[in-house]
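Starting from the structure of chain X, add chain W where the hints point.
Residue numbers (my numbering), protein chains in the order written: chain X, 44 to 449; chain W, 44 to 449.
By construction, these hints were calculated from the structure, which means they are not laboratory data.
Everything hinted at is true.
Copies of one chain are not kept apart here, so a pair can be met inside one copy or by any two copies together.
No more than 30 Å apart at the CA atoms, straight line, and that leaves these computed lysine-lysine pairs for DSS-like:
| no. | residue 1 | residue 2 |
| --- | --- | --- |
| 1 | K185 | K170 |
| 2 | K259 | K334 |
| 3 | K384 | K106 |
| 4 | K106 | K334 |
| 5 | K106 | K259 |
| 6 | K259 | K384 |
| 7 | K75 | K106 |
| 8 | K75 | K185 |
| 9 | K170 | K75 |
Remember, it's a predicted structure, so these values are computed and weren't measured experimentally.
Chain residues, written in single-letter form:
2 protein chains.
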Amino acid sequence: MAVGEFVETTLHPVDGVKIGVAEAGIRYQDRKDVVIFELCSGATSVGVFTQNRFCAAPVQLCKQHLANTASRYWLVNTGNANAGTGQRGYEDAVESCQQLAELTGSDVHSIQPFSTGVIGEFLPMGKLVPGIKQALDDLDEKNWSRGAEGILTTDTRIKGASVQFNYQGQLITVTGIAKGAGMIKPNMATLLSFIATDAAVDQAVLQDMLHVVANKTFNRTTIDGDTSTNDSCMLTATGRAQTELVTGPESALYEPLFEAIYAVSLQLATGIIKDGEGATKFVTVEVSEGKDEASCLEVAYTVAHSPLVKTALFASDPNWGRILAAVGRAPVDELEIDRIKIYLDDVCIVSNGAVDADYREELGQRVMDQDEITIRIMLGLGTAAETVWTSDLSHDYVKINAEYRS
Amino acid sequence: MAVGEFVETTLHPVDGVKIGVAEAGIRYQDRKDVVIFELCSGATSVGVFTQNRFCAAPVQLCKQHLANTASRYWLVNTGNANAGTGQRGYEDAVESCQQLAELTGSDVHSIQPFSTGVIGEFLPMGKLVPGIKQALDDLDEKNWSRGAEGILTTDTRIKGASVQFNYQGQLITVTGIAKGAGMIKPNMATLLSFIATDAAVDQAVLQDMLHVVANKTFNRTTIDGDTSTNDSCMLTATGRAQTELVTGPESALYEPLFEAIYAVSLQLATGIIKDGEGATKFVTVEVSEGKDEASCLEVAYTVAHSPLVKTALFASDPNWGRILAAVGRAPVDELEIDRIKIYLDDVCIVSNGAVDADYREELGQRVMDQDEITIRIMLGLGTAAETVWTSDLSHDYVKINAEYRS
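Isolated chain X (complex conformation) (with noise of 0.2 Å):
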């Protein structure tokens, strides 16, 4: 299941990346399930990660390897997160690193692994080895889309975006791909994204840039409220476009190429919503007029993962009282009942504390008829303003995780 039709969008080729896929068995046969991105020398790169404490073996492994040099591979594996494994797990994020490098000619701190899947079990190495093999030997730049898709696992559609703008007469690309449906609240990047450009961009500028397009986009979705083991988001600058290097803030390509790696950003982290596991409806949640951003937060995110509300929400049924409850046990220190107004869309159902005088069920029945529905908060208190993305919880939601083991 999944909100709205899926429409095909073109990725560009990025010039300086090469991608590579291939089938090998790790959980399930006959589905693409090892992904590797070959890097251009020269290319700066940048990731942000979950914040779990448990974090998977691979994104400890790939922190480490993303201090020491730049990257020129990032390879992928689904089926199997290589999550909660411990000293072998680690071990076996190294020697997967290892293989790749021998097989490339490589430095091995070079290479960037991720792993998504099952949490728990340990990586089968002899069906990942011969997928590296394979991967390499159909790698290739306008594979973004078979990418997008050897990434998937319980998701039911890829997730890809891609802006093309001109910048002094130059074409310059900005594509990426995503993965993700269930166990997405991302706390730093999502569970696993890739994006790149072929503008140059000093390091620490792109580092920068992805903290803040993360924060805006990635991690103000969620779906059950979940933080994964394993989100890793990468984004990586090939400089094969002929314009000058992005130096900071003060470079005239700065602004333009923000705007395009958020637009691919936000795109891809609305994407994972929409094909959230059971998802039937596409939740915008505003908070504004707040103290400030922290505090429209906690009542953004009390709201889109009360259960109550989200299964309002999958039966279409205007209860704002549900709405309003979570508003009023949201945990931040000042809210004034008075002074807060909630709106379905453009109908205003609460205001003053109470249902507004103009509020009619029929009304807020349309709006929760649609597909995609915004939740509009203000608080009458300052102007401050926050946004986070979720879906419903449906029947498909138990079913999914509780029939399968994802």
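Same frame as chain X, now just chain W:
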């Protein structure tokens, strides 16, 4: 649905407390929906209430009345929460107290109102007032079980508990009833609970007792993490037993009475979880070896609220990776993964940050197949400990909350 078989409990009458029940048709016909408690003159009464900012009109009024005069009547209606109803809701609550005051010739401030049911609709006063008269005609000391039935909403079974003990040749009774099945993460009290004893207890001491007891019983339970707008827990001490007044922990009766009130509250609180909406499992989450109780509680609630942990429990799937991931994302500053141990009952699943060397799937499966499961998490940092009780997340939870507007 509910966990385990229903066991009928004898609810001993409490001298000085009479209960009357009526079928007023507040929301449904042929259903007990108005309950009145009549307390003898001289009883001391205290309450703890929801911390939800959108607290319902009856909760606001209840707190005001309790501050002024000793309780003589507790007036409960189900089928309508009188929450999110603004000024008119408040006036309706006042009016219902005034009606009861006139019919009984008592001070309006001696009446505490309680409402539970759908949020955001106005109280049907034309039905409530005849219900009050009918319930007054029904007053009897033996009506505890009928009262327990009269306060139910989506509950499938009554919750009652009763403890008697001898103190210096005098039989002391503590009896209580409660209701609640959804929107359950009490904060200072559970949805509705009414407890009485015939001991004589000073008002301030009784309030302290209730705070401590509610914090360790009702306030350690969660079904869906949603704190209600109407949570209220009341405790009265009629003083009809011929014992000395309890004036503090130095009184000889303090300790046995406290234990009895705690036992009744714990039985009511865990009864609510076993009858949680769609519940098929009763789950105890014990967190020990913490630096402080607050961090133990954060870890326990993060596990207890995780939709992925809850759906795995429903599926009887020993998918311990989800427990590990939930512990890892708990919002506490200090957490040393390598020191953490996780057990399912007596089966060690995680030690030193990874799956325990002796763990085998069939051991975890044996525990998961039970109706009642304890998840034990040792943080390895100190001596603090906390326990919370929760239920699983089943198909029926979604069904109940999507198909019915409760």
